[in-house]
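Let the sequences and hints guide you as you build the complete structure.
Number of protein chains: 2
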Amino acid sequence: MTGAAADAAYRDKNVLITGGLGFVGSNLAIRLVRAGARVVLVDSLIDDYGGNLYNIQPVEDRVRVNIADVRDQHGMNYLVRRQDFLFNLAGQVSHIDSMRDPYTDLDINCRAQVSLLEACRAHNPEVKIVYASTTQIYGAPGSLPVNETHLRKPIDVNGINTMAGEEYHIVYSRVYGLRACALRMTRTYGPRMLVRHNRQTALGWFIRQALDGEAINVFGGHQVRDYTYIDDAVEAFILAGASDAAVGQVFNLGGTEPVSLLQLVETLVAAAGSGSFIVTPFPEERRRIDIGDFYADYSKIRSALGWQPTVGLREGLEATTAYYRAHRRHYWSGG
Amino acid sequence: MTGAAADAAYRDKNVLITGGLGFVGSNLAIRLVRAGARVVLVDSLIDDYGGNLYNIQPVEDRVRVNIADVRDQHGMNYLVRRQDFLFNLAGQVSHIDSMRDPYTDLDINCRAQVSLLEACRAHNPEVKIVYASTTQIYGAPGSLPVNETHLRKPIDVNGINTMAGEEYHIVYSRVYGLRACALRMTRTYGPRMLVRHNRQTALGWFIRQALDGEAINVFGGHQVRDYTYIDDAVEAFILAGASDAAVGQVFNLGGTEPVSLLQLVETLVAAAGSGSFIVTPFPEERRRIDIGDFYADYSKIRSALGWQPTVGLREGLEATTAYYRAHRRHYWSGG
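So the protein sequences, as listed, match chains A and B.
FYI, the numbering for the first sequence is 413 to 747, going by this note's numbering.
FYI, the numbering for the second sequence is 413 to 747, going by this note's numbering.
These are calculated hints, taken from the structure and not from any lab test.
We put the beta carbon where it would ideally sit given N, CA and C, even for glycine.
It cannot be assumed that every hint is accurate.
Residues from chain B shown here face chain A by an in silico Cβ test under 10 Å; the list is partial [what the hints assert, rightly or not]:
#1 Leu-518
#2 Glu-530
#3 Asp-568
#4 Gly-571
#5 Ile-572
#6 Met-575
#7 Tyr-588
Quick look at which bits of chain A chain B covers, simulated, 3 or more residues with Cβ under 8 Å [what the hints assert, rightly or not]:
#8 507-521
#9 579-593
Here is the structure:
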């Protein structure tokens with residue numbers, strides 16, 4: 413199935429996106445509105461989590477925004493009704509915050525996931541559910557590239573809880589027949605990502621520093637990672653939502669090519685046309701939670717759903733820096 | 413290290429056991445008291461969970477029982493202080509209950525584990541912690557026997573949350589230097605196991621039926637499993653608590669030999685000298701959560717700590733049925 417063919421599955425359908433004002437949620441919403449879906453966005457706009465009303469500016473008159481917290485079980489019980497699709501993207505994704513406050517991470521990434529699945533089971537058992545998981549649950553890989561059967565060794569509370577959140581979807585699919593699946597996203601970047609602080613993603617912060625003409629502090633520089641451009645990630649959600657073959661499955665996403673941190677920052681500074689970088693040794697306190705090199709094997713989703721990443725790093729970073737140059741005042745501060 | 417040598421590590425030491433009035437906790441307490449430890453048992457005696465004051469009858473004057481719930485963060489903050497060892501055995505372990513009420517399972521098996529680890533981190537960072545995990549987190553195995561690097565595919569909410577509970581211990585060990593480890597117990601049986609209802613273990617219920625002279629209903633009968641006798645399981649906790657080599661590690665336990673369900677029930681009826689069994693086809697609704705054959709590879713703990721199971725099934729079931737015959741009125745009803 414191509415993305416264009418998949419788009420037809422959403423025409424005149426009801427779609428709920430949790431975390432809908434966030435990075436991935438808003439980009440997905442824009443795509444779905446253009447495909448003819450009736451989109452409801454649920455977001456609690458918690459400070460610093462990444463939700464931003466400006467993210468949906470291109471479609472703001474064509475979506476319904478419902479400010480609510482996925483931890484609000486009664487609200488979610490109502491909101492899941494009559495939806496054809498549920499893209500479940502609400503989450504606490506900061507690793508640092510998960511260690512500072514493991515309880516909030518647990519409430520959002522575990523308890524709210526259970527209550528959302530219970531809501532679907534009780535009020536809308538036919539809804540198609542796509543859960544946003546992350547390759548970070550693998551921890552330090554034993555071999556590369558990492559496929560879906562690789563041992564998972566999460567390195568922080570956020571990784572543990574996201575792993576559990578994903579497993580609830582798979583268990584509810586197997587035991588109760590819910591039509592749920594999960595995408596393990598690798599590092600994803602692009603317009604509308606959070607650049608306001610550096611607790612969620614290093615790359616968002618680097619982009620901001622490059623555009624501010626600052627020197628980016630690179631620790632080490634040799635760590636290899638893969639990066640998915642947002643349009644590719646959105647395409648994976650579109651395909652997974654539209655395909656019955658995805659039900660009960662977990663799929664890795666991936667990037668066009670693995671790159672070192674040094675290559676990443678060089679490409680960023682070139683794409684931005686501003687900024688610089690300084691390489692310093694890897695600090696000891698980071699070494700304890702370092703995972704070494706990581707990149708994902710995405711052959712399972714390529715075989716099952718025909719997905720693969722198409723936007724290279726230079727092209728993606730040019731589009732990203734161009735976006736923030738044009739819309740900077742909506743992202744540098746405030747939410 | 414032998415068990416006897418390990419016992420010396422507990423002489424005049426302070427030991428806290430959560431779930432201390434339960435099956436494993438009480439047997440461990442009896443062993444530790446005999447090794448000269450000062451033992452505090454925390455248990456909330458929740459109906460049907462398995463805690464039973466009669467379990468500690470042989471040492472009741474030599475342990476301190478503190479009725480409290482591990483979800484009580486303030487109580488646990490106090491209780492972990494000045495302990496040398498924490499055997500963390502409190503848990504909701506019924507798979508059926510975890511699907512009926514996933515929130516309670518989450519509160520006990522995830523949230524309370526985080527708060528217990530936070531309590532240790534804040535008030536007793538030197539305490540040695542052994543967490544009781546389960547091989548049930550592996551789900552349906554891809555190959556046999558199952559070692560610790562095998563893919564985990566929990567089949568119910570209880571399996572997911574126990575997996576998370578285990579991972580918190582490992583992450584807190586790696587990130588904060590807590591001296592925590594986990595034992596993945598396989599099916600464990602023996603005196604003081606719960607036989608009051610059949611929602612926790614099938615074997616406990618079978619033992620009760622055999623002693624009542626009833627016909628045990630065996631579904632299928634060919635499913636292979638491994639069973640650990642309680643004294644062997646207690647020995648593993650003793651060794652793991654006493655050994656620095658265990659810190660940050662996860663170990664499978666296992667049984668002397670894998671047996672089919674039919675062999676198990678035949679052995680049980682012979683050991684009890686009463687009861688009978690009827691074999692019926694495997695019901696369709698159980699098939700959805702069936703895991704096929706399972707037995708664990710325990711070579712990691714054998715190499716690292718010198719543990720291996722020593723009590724065969726016939727011997728273990730004879731001791732178990734003899735115990736319940738003698739103490740039946742304390743187990744057939746009430747808690």
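Hints versus structure:
no. : hint    : result
1   : Leu-518 : holds, 6 Å
2   : Glu-530 : holds, 7 Å
3   : Asp-568 : holds, 6 Å
4   : Gly-571 : holds, 8 Å
5   : Ile-572 : holds, 4 Å
6   : Met-575 : holds, 7 Å
7   : Tyr-588 : holds, 9 Å
8   : 507-521 : holds (count 4)
9   : 579-593 : holds (count 6)
When held up to the earlier numbered hints, the structure conflicts with none and fits them all.
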